[in-house]
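Asker: Below are the chains, spelled out letter by letter.
Protein chains: 2
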Amino acid sequence: MDSEQFGEAGRQMIDYVISYLENIRDRRVFPTVKPGFMRDLIPADAPEKPETWDAVFADIERVIMPGITHWHSPRFNAFFPTANSYPAILGDILSDAIGCIGFTWAASPSCTELEVVMMDWLGKMLKLPEEFLACSGGQGGGVIQGTASEATVVALLAAKSRRIRKIKEEHPEITNMDILSKLMCYASDQSHSGVERAAMLGSLNIRLIKSDKNFAMDAKILEETIRKDKADGLFPFYVVATLGTTPCCAFDDLTEIGPVCKREGVWMHVDAAYAGSAFVCPEFQHYMKGIELADSFNFNPHKWMLVNFDCSAMWIKNSAELVEAFNVDPLYLRHDKQGLVPDYRHWQIPLGRRFRALKLWFVLRLYGVEGVRAHIRLQVKQAKEFEDLMAKDERFEIAVPVRMGLVCLRLKGPNELSEKLLRRINDSGKIYVTPSKLRETFVIRFCVCASRTNSEDILYSWNVIKEYADEILAESTTNQDKK
Amino acid sequence: MDSEQFGEAGRQMIDYVISYLENIRDRRVFPTVKPGFMRDLIPADAPEKPETWDAVFADIERVIMPGITHWHSPRFNAFFPTANSYPAILGDILSDAIGCIGFTWAASPSCTELEVVMMDWLGKMLKLPEEFLACSGGQGGGVIQGTASEATVVALLAAKSRRIRKIKEEHPEITNMDILSKLMCYASDQSHSGVERAAMLGSLNIRLIKSDKNFAMDAKILEETIRKDKADGLFPFYVVATLGTTPCCAFDDLTEIGPVCKREGVWMHVDAAYAGSAFVCPEFQHYMKGIELADSFNFNPHKWMLVNFDCSAMWIKNSAELVEAFNVDPLYLRHDKQGLVPDYRHWQIPLGRRFRALKLWFVLRLYGVEGVRAHIRLQVKQAKEFEDLMAKDERFEIAVPVRMGLVCLRLKGPNELSEKLLRRINDSGKIYVTPSKLRETFVIRFCVCASRTNSEDILYSWNVIKEYADEILAESTTNQDKK
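In the order they appear, the protein sequences are chains A and B.
2 is the number of the first residue of the first sequence in the working numbering; add one for each residue after it.
2 is the number of the first residue of the second sequence in the working numbering; add one for each residue after it.
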């Protein structure tokens, strides 16, 4: 494919992107394909000779689209949102063309430098404490990770490195392996599966702390558990607090958990993967009260801040502890500016990294902070609209207060009813929702995801849910009558 | 930015990409900026109001380009190549627009299914043993990871999980922590820093085995070390063999290492990050002889196979062992097709994942297998051209035989001469090369990287090296005269 052909294909692809996104409501949100469907649609081997662009382009609709779950359809109310915006797509095209691998500053200085400044921009938008920002001149700074799971692992490694150093200072006789076997992580039983996986990855023990009636981590139980573990000779070192949990968007209270961590000398990592984007609005910043007690903080602009995946923003107060945790330094990666600027290879699990700050830069400039705030506020408002519609229907109940864009609803009565409702909704393909279990209570997670969602879409989604609720409750009455 | 504005901006960006890549030789390959340069070029805070596209677009040249190391310039002879092709860029645009997060099959079936088939295509192109392929109907299969480092970690986790299960069957009384403290990883002292980091991440011990005179892992020493460790009550479980090392593109001999691993019951992971792409050519497949003895294999199409970063291809013979290593299964991720198709979230460290198979599909179809082979052969030929030019100059010597696109050269005599030469070359900004140390010998790594490189570029690069060699050797003679 020469540059002329690419020019033509590129313009065609830009038009396709517009047509796909602007008409996305016309597509069935959840596909009807069966596992293995694609083997019948494409050859078993790569072609020996080059094919034409026209053949490839035609296969987007023939092969790919029939099996796509359309995450950017307003009918998609599952999981949490993943971001998608025109400015981010433009940033990614540029990133692809430049195609640098920014593992060190020298490997492409702009790649590192723009990231440093963008993480400062973002940190200030969220009113993060100065200590987290590179512009404060201290050891703090931000970095773009691929996902919140990776941020959780990276923070764990820094915390582990800090704790081991401290223990060794106090007890030089103790072996590394003896320490490792006694290191303890903690998170709420509502925290993301990525936290358990982080501990697993590091071959470390983790305790999931019981959440309270609001599904927030119980700080008292956390404190008791840490103290008991210490009394038993174990080394508590890492707590993950969550702001906006996946099952129901609950918020851990940092003003309660933070002081426990300080008192006990434990690293507090704060995972605000979804809800963090909302902190750009002053009215939501109270949810992160106590953030100054955290050692590291993370949220995903690729979820709710219009920056396409992957862009997970992470800050750490003392980056030296991170670099120390990754102290592998081969000659082929050394350069003569080391120490003056971050070498992000020491801040992440992989070595290679794309120029992801570009899409963040494009989004923040082309939306402005105002535009980002407007996006968040609109989706929160739409979730409230949905809640209001539901509140008028006495057959439904809400499982937890609606705070962001997520509504956890259920039919009153046994779980089976709501389970049946969820299946019926998703089988219809009209909208797509996902399940959650809050202790023994099954709920349907309805999330406002697509940036194109309007009030009519909210009404449409509600009517779909209502339609199948009518059906199921009618059947259930009929069945009871039969009995 | 509405769809009309995006259409216009998108077309402008496509034109910019063409102009950037087609005229890349005109730019200084390595920038002259100083650490912190960007803070002076952009505001300290994000804009409140949206800016215009024209303002953003103009800043690409004003802010970004002055600090770019141009990885796709034929003057870039550093590190290893990172891929960049028009078909891959088109695939990425589509991936960005679809913007699905394919962590489970149901999350977007096409995302998983195309990846399964593409990994079969790729595996067959490389003539991987059937057991690695999903189409064989067994437990084998491929997955796209972000980087080779991640593949190394993922394979380590599967190996660890297998070994622990086995030890527990034989010794039910032994504790997990006792096992962990005795687990041992092995790799050559020439292996990538990612291998040491993988062990570090898992809090596990690793031994770097001395390489032989060809910088290949010494299988005898490996065997002796494993046996000694076993005799000492330790549990050897994981060996990483490298095909095409980073320092000098050396090849470990799988026909020697593989049988040791089989005899000792140790998992063999093969890391062919760079050189793996070459195995699409029959004449290079002999380098992977013994691959049937591996448990997992990995190479990076995003290095040498025209697929933009990130696309690291990994295969595993028994995927069940991988899934078992990641056995966290929350309700919000469950769906009713589980078990029939891979849920790739169990195959990787992060939860989220982009639709990366698209760019691989586009590249393989628009180049054809022939086109991919031609690309590899051309770059190997160009490395030979460079070697031939150098061979005529008696002041230079080659450190290791040239097998792929990498030439490790040095000035005869003390290391200082070559160190000085490397600095002088890179300071000139005419070409960009990186250092390596092979035991006590300092070498300059000259790698054919950019896909646009032609024979004139090779001659140009050689002349730059020669020019500064003349300069340095003249100075050195003058200095000696003065003494």
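Heads up, a few of these hints could be off.
If several chains are the same, the list does not tell them apart, and a pair holds so long as it fits within one copy or across any two.
[As the list claims (entries may be wrong)] Restricting the straight-line Cα-Cα distance to at most 27 Å, the calculated cross-link-like pairs of lysine-lysine (BS3-like) are:
| hint | residue 1 | residue 2 |
| --- | --- | --- |
| 1 | K214 | K229 |
| 2 | K382 | K169 |
| 3 | K438 | K183 |
| 4 | K125 | K50 |
| 5 | K35 | K318 |
| 6 | K382 | K50 |
| 7 | K318 | K385 |
| 8 | K167 | K183 |
| 9 | K125 | K35 |
| 10 | K183 | K231 |
| 11 | K214 | K128 |
| 12 | K183 | K169 |
| 13 | K35 | K393 |
| 14 | K229 | K385 |
| 15 | K128 | K50 |
| 16 | K413 | K211 |
Read the hints as simulated data drawn from the structure, not as lab findings.
Asker: Which earlier hints turn out false for this structure, listed by number in ascending order?
Answerer: Violated hints (numbers, rising): 2, 3, 7, 11, 13 and 14; every other hint is consistent with the structure.
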